[in-house]
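*Asks:* Spelled out from the first residue to the last, the chains are:
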Amino acid sequence: MGIELIMIIILIFILLGAIIAVEIKDLLSAVISIGVVGFGISIAFLFLQAPDLAIVQIAVETVLLVLLIRATIRRDVKSTHSHINWAGLICVVVLCLALIGFGFFAMQELKFGEPAISKIQAAPSNHYLKEGLSETGSANIVTSVILDYRAYDTLGEATVLFTAIIGALAILRGIARKQKGGK
Amino acid sequence: MNGMSPIVQTVARFVKVFILLYGIYLTLIGHLTPGGGFAGGVVIASLYIMLTLAYGKKFALKFFPRRLAGSLDSVGALIFLVVACLGFGFGGIFFANFLEKSYPGAEFSLLSAGTIPISNIAICIKVASSLFLVFIIMAVARIIDKKDGSKEFKQDEEEE
Amino acid sequence: MIFPLCFALFVVGLYCVLTKKNVIKIVIGLTIMEYSVNLFLVLLGYKKGASFSDVQAPIIEPVTNLDDFFMKAVDPLPQAMVLTSIVIGLGVTALAIAICIRLYQRYGTFDISKMRRLKG
Amino acid sequence: MIELLPLFIAIPLGGAFLITLTAWKLKRLADILGVCASLPLLVLALLCIGNRGVYHIGAFLAPLGINLVLDGFSIILLVIVNVISFMAILYSISYMEQYTAKYKYYALFLLMVGGMNGVVLTGDMFNLFVFLEIASIASYALVAFGCEHEELEASFKYLVLGSIGSTFILLGVAVLYGLTGYLNMASIAQAVASMEKTWLFSFASVLFLVGFGIKAALVPFHPWLPDAHPSAPAPISAMLSGVLIKALGVYAITRVVFNVLGATSLFGIIIMVLGVLSMTIGVFLAVGQWDFKRLLAYHSISQMGYVVLGLGLGMFIIANKGPTLVAGMAIFGGLFHLANHAVFKSLLFLCSGSVEYQTGTRQLKELGGLQEKMPVTRVSCTIASLSIAGIPPLNGFWSKLIIVIATVQAAFLYPSMLILTAITILVSFVTLISFLKVLRYVFLGELPSLFKNIKDSSLFMCASLVMLSLLCISMGLLLIPGLRSVVFDPAVEVLKQGLDYGKQILTGL
Chain A
116 MGIELIMIII
126 LIFILLGAII
136 AVEIKDLLSA
146 VISIGVVGFG
156 ISIAFLFLQA
166 PDLAIVQIAV
176 ETVLLVLLIR
186 ATIRRDVKST
196 HSHINWAGLI
206 CVVVLCLALI
216 GFGFFAMQEL
226 KFGEPAISKI
236 QAAPSNHYLK
246 EGLSETGSAN
256 IVTSVILDYR
266 AYDTLGEATV
276 LFTAIIGALA
286 ILRGIARKQK
296 GGK
Chain B
189 MNGMSPIVQT
199 VARFVKVFIL
209 LYGIYLTLIG
219 HLTPGGGFAG
229 GVVIASLYIM
239 LTLAYGKKFA
249 LKFFPRRLAG
259 SLDSVGALIF
269 LVVACLGFGF
279 GGIFFANFLE
289 KSYPGAEFSL
299 LSAGTIPISN
309 IAICIKVASS
319 LFLVFIIMAV
329 ARIIDKKDGS
339 KEFKQDEEEE
Chain C
19 MIFPLCFALF
29 VVGLYCVLTK
39 KNVIKIVIGL
49 TIMEYSVNLF
59 LVLLGYKKGA
69 SFSDVQAPII
79 EPVTNLDDFF
89 MKAVDPLPQA
99 MVLTSIVIGL
109 GVTALAIAIC
119 IRLYQRYGTF
129 DISKMRRLKG
Chain D
7 MIELLPLFIA
17 IPLGGAFLIT
27 LTAWKLKRLA
37 DILGVCASLP
47 LLVLALLCIG
57 NRGVYHIGAF
67 LAPLGINLVL
77 DGFSIILLVI
87 VNVISFMAIL
97 YSISYMEQYT
107 AKYKYYALFL
117 LMVGGMNGVV
127 LTGDMFNLFV
137 FLEIASIASY
147 ALVAFGCEHE
157 ELEASFKYLV
167 LGSIGSTFIL
177 LGVAVLYGLT
187 GYLNMASIAQ
197 AVASMEKTWL
207 FSFASVLFLV
217 GFGIKAALVP
227 FHPWLPDAHP
237 SAPAPISAML
247 SGVLIKALGV
257 YAITRVVFNV
267 LGATSLFGII
277 IMVLGVLSMT
287 IGVFLAVGQW
297 DFKRLLAYHS
307 ISQMGYVVLG
317 LGLGMFIIAN
327 KGPTLVAGMA
337 IFGGLFHLAN
347 HAVFKSLLFL
357 CSGSVEYQTG
367 TRQLKELGGL
377 QEKMPVTRVS
387 CTIASLSIAG
397 IPPLNGFWSK
407 LIIVIATVQA
417 AFLYPSMLIL
427 TAITILVSFV
437 TLISFLKVLR
447 YVFLGELPSL
457 FKNIKDSSLF
467 MCASLVMLSL
477 LCISMGLLLI
487 PGLRSVVFDP
497 AVEVLKQGLD
507 YGKQILTGL
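Residue numbers (this note's numbering), protein chains in the order written: chain A, 116 to 298; chain B, 189 to 348; chain C, 19 to 138; chain D, 7 to 515.
Don't read these hints as lab results, they were simulated from the structure. One or more hints might be untrue.
Here are some of the chain B residues that sit facing chain D, going by a computed Cβ distance under 10 Å [as the list claims (entries may be wrong)]:
hint	residue
1	M192
2	G244
3	F252
4	P253
5	D261
6	C273
7	F282
8	A284
For every residue, glycine included, the Cβ atom is placed at its ideal position computed from N, Cα and C.
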């Protein structure tokens with residue numbers, strides 16, 4: 116009983132934070148409520164026995180908040196109430212409701228407590244748990260999965276961060292075009 | 189961006205050593221306890237961001253200049269790729285964990301997991317320098333409101 | 019009951035991205051969608067024991083004996099996936115914020131309806 | 007040959023890291039590193055035609071670690087990706103002189119090529135998502151490389167839609183993992199074959215269709231493409247519409263639907279409808295365009311409709327246990343058109359780039375009479391326009407013909423297919439009209455005064471234009487020996503196998 120109730124409380128707390136972040140007029144308070152959502156999720160990770168993720172989530176969340184506030188602080192313009200095109204809004208709301216309905220109906224099948232690996236013995240995670248220590252020598256099975264069993268993923272992930280940084284540098288450079296001056 | 193009040197600066201100077209140690213601890217102990225390259229790198233990146241906020245841009249750039257951050261970023265990624273290709277050389281397979289792993293009695297010692305600590309360190313360097321680079325680029329880029337209302341975008345030292 | 023709630027968070031993010039006019043709000047919507055998928059992944063891997071002590075993080079201390087560790091430990095694979103996807107989310111958001119700053123510099127506003135230079 | 011598979015990812019990533027480390031001081035080093043990273047890739051891709059194999063990374067067997075799979079279908083994409091990227095790098099040596107920070111452009115370009123190679127080769131669902139994310143982030147940054155008003159806004163719209171697509175794909179991978187407990191495509195295929203199809207399974211397939219549909223710019227999700235492609239620098243828009251929407255979009259849809267989720271007739275119908283919609287709406291939007299690159303962008307949507315129609319038809323017939331010959335013909339038509347479209351669309355974008363490089367404008371109304379001034383661009387542009395419109399000797403005609411024949415043959419079984427043939431012929435006719443308009447306005451007519459002194463573009467740009475047009479001609483007349491038997495037939499076999507692709511991979515190809 117315990118863990119399910121706690122998770123539902125945390126999820127409702129996060130959902131409220133997200134709805135506030137979406138609907139509030141002032142930009143800075145929207146950014147702050149995103150912080151609320153992020154830290155709520157890192158607490159959820161702790162309850163779900165994922166300490167690795169909780170540390171990374173808190174640290175990444177602070178860096179993200181600093182970046183977001185940096186982008187909005189000097190330009191703290193209230194999101195002006197421009198005209199809402201009702202047609203677009205209605206079809207988006209209908210699309211979201213359809214998605215929610217389909218998702219809720221389809222997700223009944225996933226039981227919270229029984230992961231797929233407990234039903235299927237040949238799943239790779241069972242192997243990781245059994246022979247992780249002996250094969251990779253690392254006691255933290257998550258690190259052994261990241262850096263040894265699926266190290267190729269982490270190479271891809273390091274490249275993603277590298278691409279994002281080089282892309283951000285390329286966009287934020289001072290003068291973009293030389294003499295031609297473009298169109 | 190010229191730094192905050194002296195109270196913040198003294199606290200930052202005091203706390204700075206502990207955060208750096210904690211980041212390095214997280215990286216090196218990554219394969220024994222929760223932590224690892226990502227967490228350590230992001231903690232060290234947030235240390236530099238804190239120093240930049242506390243002491244202002246000029247001090248932080250002298251402490252960790254932009255050029256060094258850029259090259260450290262690619263050096264970290266290159267080390268990770270070289271470790272992978274070394275596996276190609278020694279173990280014959282691309283990402284083979286070729287170093288000696290669990291020699292007897294090394295169950296939970298620091299160097300017990302072959303290439304995992306090395307990759308952890310490479311990822312820590314990479315994540316720390318790239319996040320600091322992004323913050324410095326965004327903090328440095330001041331937008332100067334020109335008379336005619338259009339905003340001119342000025343980077344400080346252009347490396348063109 | 020928990021998975022649909024997590025999916026509802028995803029749809030809140032999608033709604034925010036599709037309807038909001040402010041550029042920063044769109045970036046916030048993207049972050050909410052990233053967070054909800056990460057949470058969904060970790061929820062998939064949880065193994066419910068009788069009480070709190072019956073469930074354990076996938077980390078072997080010198081004291082734990084191996085066979086009941088296998089019964090109690092949570093699934094490590096989704097955690098590895100989420101670690102990667104958190105940093106991917108950070109990368110995409112950093113790039114999006116860089117573009118927003120440059121857009122603000124070029125157009126002078128964060129409102130996407132005023133940025134209608136593109137035709138068609 | 008199989009041991010060299012990881013080089014397809016190691017070389018571009020290593021090249022990109024080296025370029026950012028060393029090339030900011032001396033300008034020429036970036037060009038040299040760029041070319042000498044993409045040349046071996048081209049040679050490697052041509053080398054691995056005709057053989058197949060599985061490479062287990064880190065010496066862990068199939069479900070444990072990640073494996074790279076080289077079979078007929080991924081060979082075609084590998085060859086296309088590396089040929090077009092070599093041509094684009096050659097082209098951009100002189101085209102990118104008008105931008106600053108050229109070494110960042112080369113680093114991002116090589117990362118995009120590495121990402122696409124990773125997507126095409128991988129045999130693991132989550133790895134497909136990670137490398138898809140690398141290629142997409144590199145292309146978001148490259149679209150906004152010029153930092154002009156339109157480019158920034160187009161790149162922001164592309165980023166928003168692209169990351170919605172990626173999040174849908176990640177949610178699909180998560181749901182599949184929740185259902186089967188595996189991440190490896192082959193093991194998922196086996197688990198799915200023995201699992202009864204619940205609502206959650208169709209929910210996952212809807213997520214995949216939406217996610218990859220956004221990446222492939224099929225009609226309901228296409229708004230980002232007509233803005234992103236014209237505002238990108240010319241070699242990047244050539245790569246984007248020539249290769250990126252194919253490797254990330256169409257390859258991923260076919261691989262996931264054919265080999266992982268199992269082709270059902272409902273999938274076939276949905277994909278065929280998407281193809282027909284993209285064809286018609288793309289071409290009718292394209293007719294009214296006066297901006298050279300925007301017209302080409304709308305045409306890529308309609309040509310992608312052809313490819314998706316061919317593959318959807320093949321899937322529909324396989325799912326209904328129809329004659330496998332007709333299904334093979336439809337899939338072959340789709341794949342052949344995919345290859346042809348990559349060649350002539352990137353050639354068209356490179357021609358528009360060289361026209362814009364010389365005259366500085368893309369509006370068809372302001373151009374005219376460039377035929378004497380720019381002979382190389384004129385010849386290659388005419389070749390490409392005729393082949394996209396489907397004029398007999400050139401390659402566009404053959405692949406459209408095969409698709410039309412496949413629809414006619416399918417019409418014997420399901421009479422409703424005749425509408426498809428009619429639509430295909432009508433759309434290729436409208437394409438012909440709009441490309442004659444392009445040729446008329448850009449090259450014929452009188453020369454406006456201010457273009458008096460322009461000369462043809464520099465050596466590197468002309469070299470890549472000539473090479474691509476030669477490729478266009480040779481693929482058309484099937485001069486390349488064994489083009490069909492060596493390259494395309496194994497690909498058709500792979501797709502026809504469907505779900506027992508997984509058994510083959512696990513038992514070692």
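*Asks:* Hints first: check each against the structure and report whether it holds.
*Replies:* Evaluated hints:
no.: 1; hint: M192; result: violated, 32 Å
no.: 2; hint: G244; result: violated, 26 Å
no.: 3; hint: F252; result: violated, 17 Å
no.: 4; hint: P253; result: violated, 14 Å
no.: 5; hint: D261; result: holds, 7 Å
no.: 6; hint: C273; result: holds, 6 Å
no.: 7; hint: F282; result: holds, 4 Å
no.: 8; hint: A284; result: holds, 5 Å
Checked against the numbered hints given earlier, the structure breaks hints 1, 2, 3 and 4 and satisfies all the rest.
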